[in-house]
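Input sequences plus hints: build the corresponding full structure.
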Amino acid sequence: MILYIDKFKFIYQLTDNTMISPTLQRIFERVRDGADFMPSWQLEKVLNSELGSKWKTELVDFDMKPFAAASIGQVHQGILKDGKKVAIKIQYPGVDTSINSDIDNIVALLKLGNVLPPGLHMEQFIDVSRRELAWEVDYIREAKCAKRFRELLQNDNSFYVPEVIDSLSTKRVLTTEFVYGSSLDKNTKWDKKITNKICLDILRLCLRELFEFKFMQTDPNWSNFLYNPDSKQICLLDFGASREYPKKFVDTYIKIIHAASIGDRKTVVECSKILGFLTGYESKVMITAHADAVMILGEPFGSLADFDFGTQDTTARIQSLIPIMLRHRLTPPPEESYSLHRKMSGAFLLCSRLSAIIPCKELFDDIWANYKFTSVT
0 MILYIDKFKF IYQLTDNTMI SPTLQRIFER VRDGADFMPS WQLEKVLNSE LGSKWKTELV
60 DFDMKPFAAA SIGQVHQGIL KDGKKVAIKI QYPGVDTSIN SDIDNIVALL KLGNVLPPGL
120 HMEQFIDVSR RELAWEVDYI REAKCAKRFR ELLQNDNSFY VPEVIDSLST KRVLTTEFVY
180 GSSLDKNTKW DKKITNKICL DILRLCLREL FEFKFMQTDP NWSNFLYNPD SKQICLLDFG
240 ASREYPKKFV DTYIKIIHAA SIGDRKTVVE CSKILGFLTG YESKVMITAH ADAVMILGEP
300 FGSLADFDFG TQDTTARIQS LIPIMLRHRL TPPPEESYSL HRKMSGAFLL CSRLSAIIPC
360 KELFDDIWAN YKFTSVT
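Everything in the sequence shown is counted per numbering that gives the first Met the number 0, starting at 0 for the first residue and increasing by one.
Just so you know, not all the hints are guaranteed correct.
No more than 30 Å apart at the CA atoms, straight line, and that leaves these computed lysine-lysine pairs for DSBU-like [claimed, not checked]:
no., residue 1, residue 2
1, Lys146, Lys84
2, Lys55, Lys146
3, Lys272, Lys342
4, Lys170, Lys64
5, Lys185, Lys231
6, Lys371, Lys360
7, Lys371, Lys191
8, Lys371, Lys247
9, Lys143, Lys80
10, Lys53, Lys64
11, Lys185, Lys84
12, Lys371, Lys143
13, Lys64, Lys246
14, Lys146, Lys185
15, Lys143, Lys44
16, Lys53, Lys110
17, Lys265, Lys342
18, Lys143, Lys246
19, Lys55, Lys170
20, Lys247, Lys191
21, Lys53, Lys143
22, Lys64, Lys44
23, Lys84, Lys110
24, Lys188, Lys84
25, Lys188, Lys342
26, Lys170, Lys84
27, Lys143, Lys213
28, Lys146, Lys44
29, Lys80, Lys53
30, Lys110, Lys55
31, Lys192, Lys342
32, Lys143, Lys342
None of these hints come from the bench; they were simulated from the model.
Listed below in structure tokens is the structure:
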């Protein structure tokens, strides 16, 4: 159920936990803390069911004790016959068949606790969550996404995507090459030059994913982004939340970001109507709050100087606008925006935590200059 908690936590969490009420935060943490590892007998049962005897014949070593836990499974170390070290992610039994009932239970819990603010348009959020969760429990789909990213980034020396081991992967078991590194948000001892480079690369990756690949890994859990100081690369893990973005959506979204970066509020509002963020019938208060929020998010891409995330009050400024938008919103945001904003806000938060100082405008200007629209703009 931890994966579902993470999804619902995002309703409140555009930037950090200060937006979550203490009551709701306690609910989230209580469920998270209740997660357990599978006992050995159950682990072997899952492996035998999914892989048959292959896991015993293809692996010369398998550590029955997991070294990490994913939101829907646990991860073990193993060694192949050729000596290659691998990471084996094994899904908890029953996770894929309980999505709908678990979501219904969490919604009921939140309603019972009277912690859902008005204006969330929960129906659409729940529909989107059901669809995304179905993707994330399908390890065959995740393996395909991992291979796609490995190919897309093969010439980008800043990133490394581990190889998928097909012979030991199924819908509920995913085996990949083992990689080494430190979680991006855990290490505070890196040199400033290194943290700036890491944040620059992460933000560049986000922009490439959306505006170049139109295919993004949307989970901002930074334990899935490991920095290897030896190779000076960021190792990318966990592609279950990867998704496509329609060209038509991206064409208009990049116009919104560009307009925000140059201070063009009129275009921000017009394009927001095209994408469905606004209907055109909102009050002046709502339109102003929405435009203000977008303009704040566009500030890094309009800064002539390197943008100093450590000295900005972006989080507080966005927080002050959210109650207004929830109160006056007439329509739910477009379906694509849930996952997109989850990833982008996570990238901004990482830059803030590491007090990064990076040339954001240069990054976006390069993307904008090379973007190919489907029609004349």
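Each hint tested on the structure:
Among the hinted pairs, Lys146 with Lys84 is consistent with the structure: their alpha-carbon atoms are about 18 Å apart, no more than 30 Å. Simply put, Lys55 and Lys146 have alpha-carbon atoms about 25 Å apart, close enough for the 30 Å limit, and the pair holds. Our distance criterion of 30 Å between C-alpha atoms is met by Lys272 and Lys342, whose separation comes to about 22 Å. Of the supplied pair hints, the one linking Lys170 and Lys64 holds, its CA atoms being roughly 22 Å apart against a limit of 30 Å.
The hinted pair formed by Lys185 and Lys231 meets the criterion: a straight-line CA distance of about 17 Å does not exceed 30 Å. For the hint pairing Lys371 with Lys360, the CA-to-CA distance comes to about 19 Å; that is within 30 Å, so the pair holds. A distance of roughly 35 Å separates the Cα atoms of Lys371 and Lys191; the hinted pair therefore is violated under the 30 Å criterion. With a CA separation close to 12 Å, the supplied pair Lys371 and Lys247 stays within the 30 Å bound.
With a CA separation close to 24 Å, the supplied pair Lys143 and Lys80 stays within the 30 Å bound. Taking the CA atoms of Lys53 and Lys64, the gap is near 19 Å; set against the 30 Å cutoff, the hint holds. This hinted pair checks out: Lys185 and Lys84 have alpha carbons roughly 24 Å apart, not beyond 30 Å. Our distance criterion of 30 Å between C-alpha atoms is met by Lys371 and Lys143, whose separation comes to about 26 Å.
Restraint check for Lys64 and Lys246: not satisfied, since their Cα atoms lie roughly 44 Å apart, outside the 30 Å limit. Taking the CA atoms of Lys146 and Lys185, the gap is about 27 Å. The hint holds against a cut of 30 Å. For the hint pairing Lys143 with Lys44, the CA-to-CA distance comes to about 25 Å; that is within 30 Å, so the pair holds. A threshold of 30 Å between alpha carbons decides the hint, and for Lys53 with Lys110 the separation of about 46 Å lies outside it, so the pair is violated.
Distance check on the hinted pair: Lys265 and Lys342 sit about 26 Å apart at the alpha-carbon level, within 30 Å; holds. Between the alpha carbons of Lys143 and Lys246 the distance comes to roughly 21 Å, so the proposed pair stays at or under 30 Å and holds. For a cut-off of 30 Å, the pair hint linking Lys55 to Lys170 stands: about 19 Å separates their Cα positions. Our distance criterion of 30 Å between C-alpha atoms is broken by Lys247 and Lys191, whose separation comes to about 39 Å.
In summary, the hint linking Lys53 to Lys143 is supported, as the alpha carbons are separated by about 21 Å, within the 30 Å threshold. In summary, the hint linking Lys64 to Lys44 is supported, as the alpha carbons are separated by about 15 Å, within the 30 Å threshold. With a C-alpha separation of about 46 Å, the suggested pair Lys84 and Lys110 falls outside the 30 Å cut-off, and the hint is violated. A C-alpha spacing of about 28 Å is found between Lys188 and Lys84, which places the hinted pair at or below 30 Å, so the restraint holds.
Note on Lys188 and Lys342: the hinted pairing holds, with a Cα-Cα distance of about 25 Å set against a maximum of 30 Å. With a CA separation close to 21 Å, the supplied pair Lys170 and Lys84 stays within the 30 Å bound. Our distance criterion of 30 Å between C-alpha atoms is met by Lys143 and Lys213, whose separation comes to about 16 Å. The suggested pairing of Lys146 with Lys44 holds, with an alpha-carbon distance near 28 Å, which does not exceed 30 Å.
Distance check on the hinted pair: Lys80 and Lys53 sit about 12 Å apart at the alpha-carbon level, within 30 Å; holds. Restraint check: the Cα-Cα separation between Lys110 and Lys55 comes to about 47 Å, which exceeds 30 Å; the hinted pair is violated. In summary, the hint linking Lys192 to Lys342 is supported, as the alpha carbons are separated by about 24 Å, within the 30 Å threshold. Restraint check for Lys143 and Lys342: the C-alpha separation of about 20 Å stays at or below 30 Å, so the hint holds.
In the structure shown, a violation is registered for the earlier hints numbered 7, 13, 16, 20, 23, 30, in ascending order.
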